[in-house]
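Peer 1: Letter by letter, the chains look like this.
Number of protein chains: 2
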Amino acid sequence: MKARVIVTLKSGILDPQGKAIEGALRSLGIAGVVSVRQGKVFDIEIAEGDRAVAEARLKEAAEKLLANTVIENYDVKVMG
Amino acid sequence: MKARVIVTLKSGILDPQGKAIEGALRSLGIAGVVSVRQGKVFDIEIAEGDRAVAEARLKEAAEKLLANTVIENYDVKVMG
Chain A
13 MKARVIVTLK
23 SGILDPQGKA
33 IEGALRSLGI
43 AGVVSVRQGK
53 VFDIEIAEGD
63 RAVAEARLKE
73 AAEKLLANTV
83 IENYDVKVMG
Chain P
13 MKARVIVTLK
23 SGILDPQGKA
33 IEGALRSLGI
43 AGVVSVRQGK
53 VFDIEIAEGD
63 RAVAEARLKE
73 AAEKLLANTV
83 IENYDVKVMG
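Chains as they are written, first to last, in the numbering used here: chain A, 13 to 92; chain P, 13 to 92.
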């Protein structure tokens, strides 16, 4: 099964990288940019036929390794 | 409007970071991991009422700055 885990900073956590991109987009002339927040995406293939089991494993992966849950949120989507 | 731009490596482009994560997940005991590819996500807020215009601007942003289109694909989703 294919899955996508998206890890984003919690609101309130400063994102200097996002700020830098925001500034760069403005100086490139992209109009209307209000804010940019950068996160990470993990495209994971997992050998597991049961959707619920795959999701549980990926949540464990996110908790243990992919996200720092003190400052980041994660979202697991199993695409089947 | 809120939008999400996801940038991923094209298939065939080596992803040593993804490989490292793959190995780490295995040694953490997450069963069944076949492959991991890492990408980037940008959550962008753009002051523009017209969905099509917002999408066009974000595509321009992806082409000019967010993605290296030689080795990366991007996907723009305007969430309204």
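A couple of the hints might just be wrong.
[What the hints assert, rightly or not] Listed below are the simulated EDC-like cross-link pairs for lysine to aspartate or glutamate, each with C-alpha atoms no more than 16 Å apart in a straight line:
| id | chain 1 | residue 1 | chain 2 | residue 2 |
| --- | --- | --- | --- | --- |
| 1 | P | K52 | A | D27 |
| 2 | P | K22 | A | D55 |
| 3 | A | K52 | P | D27 |
| 4 | P | K52 | A | E72 |
| 5 | A | K52 | P | D87 |
| 6 | A | K31 | P | E57 |
| 7 | P | K31 | A | D27 |
| 8 | A | K52 | P | E60 |
| 9 | A | K22 | P | D87 |
| 10 | P | K14 | P | E60 |
| 11 | A | K14 | A | E57 |
| 12 | P | K52 | P | E84 |
| 13 | P | K52 | A | D55 |
[Claimed, not checked] These stretches of chain P come out as covered by chain A in the derived footprint (C-beta under 8 Å, 3 or more residues):
| id | segment |
| --- | --- |
| 14 | 34-48 |
| 15 | 52-62 |
| 16 | 75-85 |
[What the hints assert, rightly or not] Simulated restraints on C-beta separations:
| id | chain 1 | residue 1 | chain 2 | residue 2 | range |
| --- | --- | --- | --- | --- | --- |
| 17 | A | A32 | P | E75 | 12 to 20 Å |
| 18 | P | R63 | A | L77 | 34 to 42 Å |
| 19 | P | G35 | A | G92 | 24 to 32 Å |
| 20 | P | A59 | A | Q29 | 33 to 41 Å |
| 21 | A | A36 | P | A43 | 18 to 26 Å |
| 22 | P | N80 | A | P28 | 28 to 36 Å |
| 23 | A | G61 | P | E84 | 27 to 35 Å |
| 24 | P | V65 | A | V82 | 20 to 28 Å |
| 25 | A | G92 | P | A43 | 26 to 34 Å |
| 26 | P | Q29 | A | A68 | 19 to 27 Å |
| 27 | P | V46 | A | R38 | 22 to 30 Å |
| 28 | P | I25 | A | V65 | 24 to 32 Å |
Hints listed in this document are in silico derivations from the structure and should not be mistaken for laboratory results. For every residue, glycine included, the Cβ atom is placed at its ideal position computed from N, Cα and C.
Peer 1: If a hint holds in the structure, say so; if it does not, say that too.
Peer 2: Now for the hints, and whether the structure bears them out:
no. : hint                         : verdict
1   : P:K52 with A:D27             : 14 Å, holds
2   : P:K22 with A:D55             : 12 Å, holds
3   : A:K52 with P:D27             : 14 Å, holds
4   : P:K52 with A:E72             : 21 Å, violated
5   : A:K52 with P:D87             : 14 Å, holds
6   : A:K31 with P:E57             : 12 Å, holds
7   : P:K31 with A:D27             : 26 Å, violated
8   : A:K52 with P:E60             : 25 Å, violated
9   : A:K22 with P:D87             : 23 Å, violated
10  : P:K14 with P:E60             : 10 Å, holds
11  : A:K14 with A:E57             : 5 Å, holds
12  : P:K52 with P:E84             : 10 Å, holds
13  : P:K52 with A:D55             : 11 Å, holds
14  : 34-48                        : holds (count 10)
15  : 52-62                        : holds (count 9)
16  : 75-85                        : holds (count 3)
17  : A:A32 with P:E75: 12 to 20 Å : 18 Å, holds
18  : P:R63 with A:L77: 34 to 42 Å : 36 Å, holds
19  : P:G35 with A:G92: 24 to 32 Å : 25 Å, holds
20  : P:A59 with A:Q29: 33 to 41 Å : 21 Å, violated
21  : A:A36 with P:A43: 18 to 26 Å : 41 Å, violated
22  : P:N80 with A:P28: 28 to 36 Å : 21 Å, violated
23  : A:G61 with P:E84: 27 to 35 Å : 31 Å, holds
24  : P:V65 with A:V82: 20 to 28 Å : 38 Å, violated
25  : A:G92 with P:A43: 26 to 34 Å : 18 Å, violated
26  : P:Q29 with A:A68: 19 to 27 Å : 25 Å, holds
27  : P:V46 with A:R38: 22 to 30 Å : 41 Å, violated
28  : P:I25 with A:V65: 24 to 32 Å : 30 Å, holds
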